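J.: Construct all of the structure, not just a fragment, from the sequences and the given hints.
Residue numbers (the numbering used here), protein chains in the order written: chain A, 35 to 370; chain B, 35 to 370.
Hints listed in this document are in silico derivations from the structure and should not be mistaken for laboratory results.
Nothing here was measured: the structure is a model prediction, and the numbers come from that model.
Mixed in with the good hints, there may be bad ones.
The list makes no distinction among identical chains, and a pair is therefore deemed to hold if it is satisfied within one copy or across any two copies.
To be verified - Calculated pairs, DSBU-like style, for lysine-lysine (alpha carbon to alpha carbon, straight line, at most 35 Å): (1) Lys37 x Lys138; (2) Lys138 x Lys149; (3) Lys149 x Lys37; (4) Lys149 x Lys246.
2 protein chains.
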Amino acid sequence: MDKDLILLGHGSGGTLSHQLLDSLIIPTLSGIPATGQNDAAVLDQNGRRLAFTTDSYVVDPVFFPGGNIGDLAVNGTVNDLAMVGARPLAMSVGLILEEGFSRKALGEILASMRKAADLAGIAIVTGDTKVVPRGKADRIFINTSGIGVLDHGLTICGAGARPGDRIIINGTIGDHGIAVLAAREGLELESDIRSDCAPLNGLVAELIGEGKAVHVLRDPTRGGVATTLKEIALQSGVGIVIREQHLPLNGAVRGVCAILGLDPLYVANEGKLLAFVAPEAAERVLERMRRHPLGREAAIVGEVVSGPAGRVEMETVVGGRRGIEMLAGEQLPRIC
Amino acid sequence: MDKDLILLGHGSGGTLSHQLLDSLIIPTLSGIPATGQNDAAVLDQNGRRLAFTTDSYVVDPVFFPGGNIGDLAVNGTVNDLAMVGARPLAMSVGLILEEGFSRKALGEILASMRKAADLAGIAIVTGDTKVVPRGKADRIFINTSGIGVLDHGLTICGAGARPGDRIIINGTIGDHGIAVLAAREGLELESDIRSDCAPLNGLVAELIGEGKAVHVLRDPTRGGVATTLKEIALQSGVGIVIREQHLPLNGAVRGVCAILGLDPLYVANEGKLLAFVAPEAAERVLERMRRHPLGREAAIVGEVVSGPAGRVEMETVVGGRRGIEMLAGEQLPRIC
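T.: This is the structure in structure tokens:
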């Protein structure tokens, strides 16, 4: 590995991404400490809290079962706002198009964006379009940035996990990553695996109703559930134990992962969240989630322990325990 | 021209850009009418007005005399906020990196971004980094989105020009586009042409001091002064007359344009603004501008007339009049 060059793994969301962010990007641009890094920044604006977030999307292929780069881009930014407890307000759209890209495909993508924005209740208010010559980009890249409003006094952040917290996920893991991979590689699957791409702000609004019991929310996108749990354990200075048998997993996703040697714990999701909830409220939150269309398969998958700080362990189905680290290298490039 | 494909000219900022925006992108995403399109959206948030804007940068080469893609990206978004009269508050940075891009070059670009942000007084608060395989992007693309606050009750927008308004520019035109072109093509110039890339929020804060006399502000980036004037004439439903001999032009830029057959009126700027100002305040605004380091060569270049609506004319040096249209096709691709 050449230390002087950018590697694909620097975009994985895993260990290499964190190294690049922590050693170069964040200290140079802003100096936000690792414990303060969340899916969106929270700005105090005359006593009113605003959330602000950005994401660029480079998914390959552009269309995949369950979505396309357009609704992915809208939902991704809606979800990043929701993960700090913000109500999505307004969004920008920055398009980078490759010369020769199909105008019809662009139209379909934009229509998906509008539909997703309307569904999430966010307005697309500003944008930009650039075109680069053939071969200088890959069809279409989309940046979405979003502003949200925090209508409450809660602080929901990655440093908020406390020993005893129960960890709840709203459904099956790995669907998005495997759907994109299957579409890209042209895998012929017996069953239909679709991306779980969805806006989570409605579900989060339900959870906010539980008030201070909700400590952390994060969507396990690039790097999957494993990487996200590790990030939170490090940010909060706590340990985490999860139980393999409680992780909701679609049988078809399990099958593809087994054949390809992929661990679903590291596969990206786009419509899932991990909620860290005070133990006394956990069952109530679980019930609330299960009543929501995006939480029917919600499950308590583990809990927070006092230490060792930053350690994540999984109790396996056969009764052992194994340590969970962040994604190393790049398992599935260009998943979002 | 194949109507079904995206062309380079769709990113020019000129006629083709407007056609794509008006026929497809804006109606699909948001439905903002052409008269309401400004450099930034203005959102009313509990009686407080926020500005929100986005731009992606794909400039080639990444480093050029007077700047690089990093400070260009920061200043561009600062300027878009300033053009609606907003004070820049916070910015996001979305990086799309090509596998194999130099980490050292990335470090230099990020350092320039931080320096530019500090100079403009805007905080970089959130970001995202993606990496795509070699050949799927061109080194580095940067999206910056920004939030600003309007600290006053003025409405500064493209539809605000009124007959009689004087049109003031804060300095020479075409420097950015020619500096980038010369760097890209390896032109050996006798004199040094540098990009005018600069944050205009300080200069705008001065102008805001003139209150309601300032009707329109816009930075003539892609498509140059000609395209920007045409946009404003159309948005405001007025005519515009400018005088060629009053347009500030660096002699070296004039020379390169003459040799290459380029019209400086269509060449991009990155540190210039056009201010439309009530006639009684014009001389005062001009003096204020000239006292500012970014306005020393400011000049009144023309005025608004009642009609024909949407028509822009230039009185040439030799005394004729010619109509000015938007940039057609793509004069200089990837200038920002």
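J.: State whether the alpha carbon distance between Lys138 and Lys149 is at most 35 Å within one copy, between copies, both, or neither.
T.: within (17 Å within a copy, 41 Å between copies)
J.: If the cut is 35 Å between Cα atoms, do Lys149 and Lys246 qualify within a copy, between copies, both or neither?
T.: within (33 Å within a copy, 39 Å between copies)
J.: How would you classify Lys149 and Lys37 at a CA-CA limit of 35 Å: within, between, both, or neither?
T.: Only across copies: Lys149 and Lys37 sit 25 Å apart there, 43 Å inside one copy, limit 35 Å.
J.: Tell me, please, which holds for Lys37 and Lys138 at an alpha-carbon limit of 35 Å: within, between, both or neither?
T.: Only across copies: Lys37 and Lys138 sit 10 Å apart there, 41 Å inside one copy, limit 35 Å.
Going down the numbered hints, you'll see the structure goes against none, and every one checks out.
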